[in-house]
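S.K.: In case you want the letters, here they are:
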Amino acid sequence: MRNPLADKVVEIKPSGIRKFFDIVSEMKDAISLGVGEPDFDTPWHIRDEGIYSLEKGRTFYTSNAGLKELKVEISRYLHRRVQVDYDADHEVLVTVGGSEAIDIGLRAMLNPGDEVLIPQPSYVSYEPCAVLAGGVPVIIDLKAENEFRLTAKELEEAITDKTKVLILPFPNNPTGAIMERKDLEEIAKVIIEKDIFVMSDEIYSELSYNGDHVSIASLPGMKERTILINGFSKAYAMTGWRLGYACGPREIIEQMVKIHQFAIMCAPTTSQYAAVEALKNGDEDVAQMREAYNQRRRYLLHAFQEMGLPCFEPYGAFYVFPCIKEFGMTSDEFATRFLEEKKVAVVPGTAFGESGEGFVRISYAYSLENLKIAIGRLAEFVQELKDKKKEN
Amino acid sequence: MREKILGIIEKNSRVDVKELAVILGVEEIDVVNEMAAMEAEGVICGYHTLIDWEKTSIEKVSALIEVRVTPQRGQGFDSIAERIYKYPEVNSVYLISGGFDLLVTLEGKSLKEISQFVSDKLSTQESILSTATHFILKKYKDHGTILTKKYDDERMKITP
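Those sequence lines, one after another, are chains A and B.
Numbered according to our numbering, the first sequence spans residues 665 to 1056.
Numbered according to our numbering, the second sequence spans residues 32 to 191.
If you're looking for bench data, these hints aren't it; they were derived computationally from the structure.
All of these numbers come straight from a predicted model, not from anything done at the bench.
We put the beta carbon where it would ideally sit given N, CA and C, even for glycine.
Just so you know, not all the hints are guaranteed correct.
Stated by the list, open to error - Here are the computed lysine to aspartate or glutamate pairs in the EDC-like style, where the Cα-Cα straight-line distance is at most 20 Å:
(1) B:35 to A:955
(2) B:188 to A:1033
(3) B:35 to A:1033
(4) B:188 to A:1004
(5) B:42 to A:705
(6) A:1036 to A:805
(7) B:170 to B:83
(8) A:807 to A:844
(9) B:169 to B:113
(10) B:86 to B:138
(11) A:1007 to B:184
(12) B:188 to A:703
(13) B:49 to A:1033
Said to hold, decoys possible - Estimated spans, in silico, between C-beta atoms of each pair:
(14) B:175 to A:725: 34 to 42 Å
(15) A:709 to B:167: 23 to 31 Å
(16) B:81 to A:723: 37 to 45 Å
(17) A:1044 to B:83: 28 to 36 Å
(18) B:82 to A:709: 27 to 35 Å
Using the sequences and the accompanying hints, generate a full structural model.
M.R.: Laid out in structure tokens, this is it:
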């Protein structure tokens, strides 16, 4: 029989998280700090609106780009929260999670051989999506000494004649790093000068703890070269609803709508109705969840300080990214031993790119009570490693 | 800071000041002072425990009583409310809008004890026109806490 598979797909490495997932799933008594989604339930008024839409029999397709009402609310929301104005009719596309927007955005922009700059550590899907879209991923290794922000110098050095798109994943999963206005202004200069485009994945924008999130699209000259991606998963605890959106220049969005219409048809109708409610009446829920995450974030940073585990202060998302280099183990070894010896799962930094080596991702999408138990075990583990180091 | 402290201790009064300082990102001494001030001002009235008595072997019956009263000259509803709230078995007394005036919640050992309180102590008060007693059969949610169900974490244990 002939080989039924496409080489391009076979060559893609499976996610590094898979291995841990398999081990943890087998360990009944393991507790996890490895989750990448909120611990809160979707606020009830949003769920109720979804249920109501089902009761009303709103079970049909919506128009390809999404419900008009939702696109209008998204446009209002972005005006309100990041001061960027998008035309709801031509510059907004409702997608199946931010993930779909990443995929079809790259497919709409890349020609074979075009280079895509991907700062790492970062979310696992950019690289494979770039490859599947015919692009060539070029990794920029972010550095701990810059608090894992992207600097203009790093960007400039990575740009070649073939560079087409920069992926900008902030607030960042897994590091929790953010880009402040001044950081964005510096890279925007380079982006405009070198005439490249930006795919700004702002899915964690509402989880910013040092002032409001700044979108690169709000800087002068940037809206016309930015695809802004956001969604409902993190801000409103709606991961399972699979709903996100992309906003950008009409000519790009039109091509994205084309792929979306043939591949997906439209985002789930129930989720779209629920999302309208989220945007209209959900600001207070978001503020409450942000405050809860922020409390946990402070708790963790304090606990790391007490146990002597170095960690820069992350101002976004719901992850901390402590450094474990001093123990002379790889991230993978550290995570494996921690799981085996203390039955707590964390994710090795290398699951998010080579530059995550020496770090582990700890999620604080858990209640403080649960965090305390897990962090107590981490403190024990760290102490044992330190004692052993002293003996040698 | 006041609002944030209250937001936290309303849900968990056992959190200690050291931890409050850490999670709010403020100095411990400021938390101590703020809480002392709120206690002195009567903003913080007590640190109670939410108990689901249903799950114990101790028998308790609680009831809501609607009370219609004649307000008294110069005193309004205050003096009659005082006469009611001084009974230790009374848990709460609210003046409310709508079809009746006071809502009284009451806890007793048995139906009989509560009935007796209503007929002997409440109904006999001169300014009380009528009462309607509702016995509580089941508490689903109390003080913002769901008592009837525990929800497990159904998320996958590791996700990117």
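S.K.: Against this structure, judge whether each hint is valid.
M.R.: Comparing the hints with the structure gives:
Taken as a hint, the residue 35 of chain B and residue 955 of chain A pair is honoured in the structure, with Cα atoms around 9 Å apart against an allowance of 20 Å. Restraint check for residue 188 of chain B and residue 1033 of chain A: the C-alpha separation of about 17 Å stays at or below 20 Å, so the hint holds. Taking the CA atoms of residue 35 of chain B and residue 1033 of chain A, the gap is near 18 Å; set against the 20 Å cutoff, the hint holds. For the suggested pair residue 188 of chain B and residue 1004 of chain A, the alpha carbons sit about 15 Å apart, so the restraint of at most 20 Å is met.
In summary, the hint linking residue 42 of chain B to residue 705 of chain A is supported, as the alpha carbons are separated by about 18 Å, within the 20 Å threshold. Note on residue 1036 of chain A and residue 805 of chain A: the hinted pairing is violated, with a Cα-Cα distance of about 32 Å set against a maximum of 20 Å. For a cut-off of 20 Å, the pair hint linking residue 170 of chain B to residue 83 of chain B stands: about 8 Å separates their Cα positions. A distance of roughly 16 Å separates the Cα atoms of residue 807 of chain A and residue 844 of chain A; the hinted pair therefore holds under the 20 Å criterion.
Of the pairs offered as hints, the one joining residue 169 of chain B and residue 113 of chain B is violated, with about 29 Å between alpha carbons and a cut-off of 20 Å exceeded. A threshold of 20 Å between alpha carbons decides the hint, and for residue 86 of chain B with residue 138 of chain B the separation of about 16 Å falls inside it, so the pair holds. Proposed proximity of residue 1007 of chain A and residue 184 of chain B is supported: the alpha carbons are some 17 Å apart, at most 20 Å. Among the hinted pairs, residue 188 of chain B with residue 703 of chain A is consistent with the structure: their alpha-carbon atoms are about 11 Å apart, no more than 20 Å.
Pair hint residue 49 of chain B plus residue 1033 of chain A holds up; C-alpha atoms about 15 Å apart against a cutoff of 20 Å. In this structure the hint that residue 175 of chain B and residue 725 of chain A lie 34 to 42 Å apart at CB holds, the actual value being about 40 Å. The hint said 23 to 31 Å for the Cβ distance between residue 709 of chain A and residue 167 of chain B, and at roughly 27 Å that hint holds. Residue 81 of chain B and residue 723 of chain A have their C-beta atoms about 41 Å apart, which keeps the hinted 37 to 45 Å range intact.
Between residue 1044 of chain A and residue 83 of chain B the beta carbons are some 34 Å apart, a value that agrees with the proposed interval 28 to 36 Å. The beta-carbon spacing between residue 82 of chain B and residue 709 of chain A, approximately 30 Å, falls within the hinted interval of 27 to 35 Å.
Going down the numbered hints, you'll see the structure goes against 6 and 9, while the others check out.
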